[in-house]
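Taking the hints into account, I'd like the entire structure generated from these sequences.
Listed here are the chains, written in short residue letters.
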Amino acid sequence: MGRGGATAWVPDLANADCILIQGSNFAEAHPVAFRFVMQAKERGATIIHIDPRFTRTSALADIFAPIRSGTDIVFLGALVSWLIENKRYFHEYVSAYTNASFVVRQDFQDTDDLDGLFSGWDAASGSYDTTSWDFERDAQGQIVTDETFEHPRCVLNVLRRHYARYTPEMVENTCGIPVATFTHIAEILAANSGRERTTAFAYAVGWTQHSSGVQFVRCSALVQLLLGNIGRPGGGIMALRGHADIQGATDIATLYDLLPGYLPMPSALRTESTLAEYLASNQKKTGWWANMPKYVVSQLKAFYGKAATPENDFCFSYLPQLIGDHSMLPTTFAMKDGNVRGYFVIGQNPGASGQNAELVRSAMERLEWFVNIDSFENETSSFWNREGADPSTIATECFFLPAATVLEKEGTMTQTSRMLQWHDKALEPAGTSKTDLWYFYELGKRLKALYADSSDEKDRPILDMTWEYDDPDEPGEPGEPSARKVLQEINGYVTATGEQVASFADLKDDGSTASGVWIYTGVFPDATTNRARSRVGDDSTSLGWGWAWPANRRTLYNRASADPLGRPWSERKKYVWWDETKGEWTGVDVPDFPKTKAPDTPAIAGASGMDAHSGADPFIMLAQGRAQLFVPAGELKDAPIPAHYEPLQSPIHNALYAQEVNPMMRQWRRPDNRYNDSPHDYPYVLTTYRITEMSGIMTRYIPWLAELQPEAFCELDPELAVEKGIRNGEYMVISTALGEMEAKALVSGRMRPLRINGKRVHQIGIPYNYGRMGFARGDSPGELIALSMDPNVSIHESKSLTCNIRAGRRAPLATPDIEMAVPAQMRTTIGESVAHGAQ
Amino acid sequence: MATGFFTDTTLCIGCKACEVACKQWNELPSDGFSFTGDSYDNTVELSGTTWRHVAFVEQIAATPDGVEDRWLMSSDVCKHCENAGCLEACPTGAIIRNEFGSVYIQPDVCNGCGYCVVSCPFGVVDLIDSLGGTAKYSTANLQESRLDASKTALAHTGGVAGKCTLCYDRQTLGMVPACAKACPTDSIQFGDVATLRERAKERVTTLHARGETSAQLYGADDIGGGIGTLNAFFLLKDRPSVYNLPERPVLPSTRQPDGYAAAAVIAVGLAIAGWAIFRSA
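So the sequence lines, in the order shown, correspond to chains A and B.
Residues in the first sequence are numbered from 400 upward in steps of one, following the numbering used here.
Residues in the second sequence are numbered from 2 upward in steps of one, following the numbering used here.
Please keep in mind that the hints were generated in silico from the structure rather than gathered at the bench.
It is possible that part of the hints are untrue.
Said to hold, decoys possible - Some but not every residue of chain B turned toward chain A, in silico, with C-beta under 10 Å:
| id | residue |
| --- | --- |
| 1 | 13 |
| 2 | 30 |
| 3 | 38 |
| 4 | 43 |
| 5 | 51 |
| 6 | 57 |
| 7 | 71 |
Built from N, CA and C at the ideal position, the CB exists for glycine as well.
If you want it as structure tokens, here you go:
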């Protein structure tokens, strides 16, 4: 669809006629946001929850369906098939707003042709040549379309064939959801979509933390687009973020392969040594992203100020370049193999809640130095002192810097609705604690001082970096940088005058504007207006409450809330529409469309930018302006259409294809990262989650929270408990090829065995919140999970695993074998070249 | 005007925000860290230091489609009875009915005799141990939570009875009680009791119309046993006993006539017996 954010906003869930929650324990993990689900329910909406466990969310839902963890694409794919075969999709929406009518190239081959692989697979490199995953073009280079949906290779018919074997019976035999339950849910979804009604989907890490995580979410987009629920009130796909500022963290780019504002990080794997080359390989010629040069140049001006000039490419060469996969998991292996010297851990606890936590902790023994900034000492910062370790043998120099808590600092957080909300400081930081902002500002200042006398060209990025966040007018700790000034720079300003820029439409590619994060432009539109501080609510869209990117739009792609002619699909679902008399888009939200571009504006063939889109193409960020049911070449590494693969560790064989697992998924087969390859030894499905009462180290030290869920526990069904001699409330051991953990057993009928292809499959669940420090403590499932990951976004697979269990307690941890032989060919270097697909 | 709580359990999501908000506002210590294995309930019951408690009741039929399964959640609290057993039993006058119609324990008047504990028909009131390092809660917990034990209300009042004050201090400032303020789904509603009762009755009608015929009020009307109405009443999805609430609570003092009569009968009986024995002797 085009943007890295939920298409909807949380309070709008109250306007839904049906809410499907899958891959999320909404009520437990997001209890405050769940109030809007309850409001929808009170207004008569049907709430559906699909999950391996019967949770507090299920308890509030109208329909609960238990599912075998990791099989969601079978369920969602079967919905796609059911909607197409029964002609229950929203025909006008699908034909106007998606690429359903685009004709796919003749040389594209699907998974049914190649038993689980798409065309272009290269076994030698373990990756796809995605050239054939594209559309047929005519002599003028225009995509061939068939609005009648009769062409056998139009996307809708490709989907129809692709999902033909994803039947209700396949759902029952693979997911464990009975045929009757599946068709009941399908009927409800279809009945609550269309002109008059809308259905919302909500998901969280229960969909993402899989070896095909991106494809799980993609498949939900297929269903919602076929139902015509994107861009409309009470519709959309709500990506529920797990922590308060997760959305902000990706917007401002803590991800290694992105610059702030979803600009790609320059890569040495492509030829991008100049700004022109970088733009040539990354800029889309049509659609909104044609504006990319303005955002890149403005960002470089924000980074490097006066030093950035047209003559020196605006200091583009200062930016680091990717030389491979620098994401967390491969870097952890590189650390373990002695190829990482230093490590900052801030607000994270990989030594407990990380996957293969012992790999993380033992890898840290190989560091020269380690810095932890946190409010509490935790399992990561105390790795040198952990059970079984010998501190006298560890040479890592460790620094623990006490961090101010959220109440002790000011600034913004960007929540799950893409909304920035400013919070003030309520208390002075305790003791010698400092804010994260102070630590980084100080680090920058000291680096600048350290290199002040250097004339070496390679030190210019540090010397030229703009780094002026002092504000003598603001009261506060001496040396405390101004969070307001940071936000003002993120928003952007005119370089000549220093005046704030009001909108990203005003950003320029000539160096006359600077902006740290283009999508945030508008949050601080003039010298005194901080819209993140605004708290004006109303009974509608509350556009005066906080500020949401982009341009304070609450529902993304809301052009689709009107029909192709610009009229609301129905009076009941009126949201944004074309005002004929004024000649502009209007409504209760900020239109996500050029304001005066009429619905009947034709697309101009061969034009660039927005002129290439018609007045009826709502998905403005995409090259063709249409939502991508079929994702063309170059955007995803593993599939243009989601296909079901079993989790890497599964007791069940893939019922659809000979290709068992995602062929592009990343695995590390090493002695310190052992997988459960034998389902016979590890027959039970293991899933992980968090609970309401606990977050992690910051709650385990709070007695009021610790008493509510005081010890690590494992949920299992009564039948399995009897079979294994495990008693409720007593200790049990959970084991994998990687390791063991113990927990108290919580035996409950809320966990239920499933029948999968005639085989009894038991699922157990362990919360992620615990560690060995704090009042509430216990082992973490991080001790059990070997690292593996999705090929697109480097997310680990930690929701669908296998294990064995027994009654009793685990043995005390032995001294970790840090010298455990890892053969040379298995070792990893920093930024190792990416075997699976070029960057 | 009497104020109170309408706890609508059909809206409860079991998040326990009420328990935490209550403890934080009232600076109550934790009750210890032990896993019960009783669903998601690890605080077990109301106590002198737990003034809101969320009960979890699993009713799992385990049918394949899960339609029959229920996981009931309900936040329990002091009922602030119209005729309160604790208030009647209190010999020092520590327990009073305040200007908000709430049953309130004045900690500086309480002498810790414990009569109120056995006189509560709902098992709400409990004695708070002194802060001297009992197993139930320790000063270590308080220190760890960055609370200064010397400043908490309880520091001066160990060995007294404790229960929900209906956030008397907040009410005097015009603020909503902490639990109701924290509840994300309006399962706990605070306000004028008469208004809340009206709202609750409408709500039951709505639920019955939706087919949820087991929905019932607890304590909105006279609950019997001499207790009268409850200023903190509940809307339940099942019988009260399912939530560990008494089906037929009785005010202890209503048993006094019976008790006196029984004593009189026994006295007469003993007199006759004594007379008979002495006579035969």
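Going through the hints against the structure:
1. Of the supplied interface hints, the one on residue 13 (chain B) holds, with its beta-carbon coming within about 9 Å of a beta-carbon of chain A, less than 10 Å.
2. Taking 10 Å as the C-beta cut-off, the interface hint given for residue 30 (chain B) holds, the closest approach to chain A being about 7 Å.
3. A distance limit of 10 Å between C-beta atoms decides the matter here; for residue 38 (chain B) the minimum to chain A is near 3 Å, and the interface restraint holds.
4. About 6 Å separates the beta-carbon of residue 43 (chain B) from the nearest beta-carbon of chain A, less than 10 Å, and the hint is met.
5. Against a cut-off of 10 Å between C-beta atoms, the interface hint on residue 51 (chain B) holds, since the closest Cβ of chain A lies about 9 Å away.
6. Hint status for residue 57 (chain B): holds, given a least beta-carbon distance of 9 Å to chain A, under 10 Å.
7. With a cut of 10 Å, the hint placing residue 71 (chain B) at the interface with chain A holds, because the nearest CB-to-CB distance is about 7 Å.
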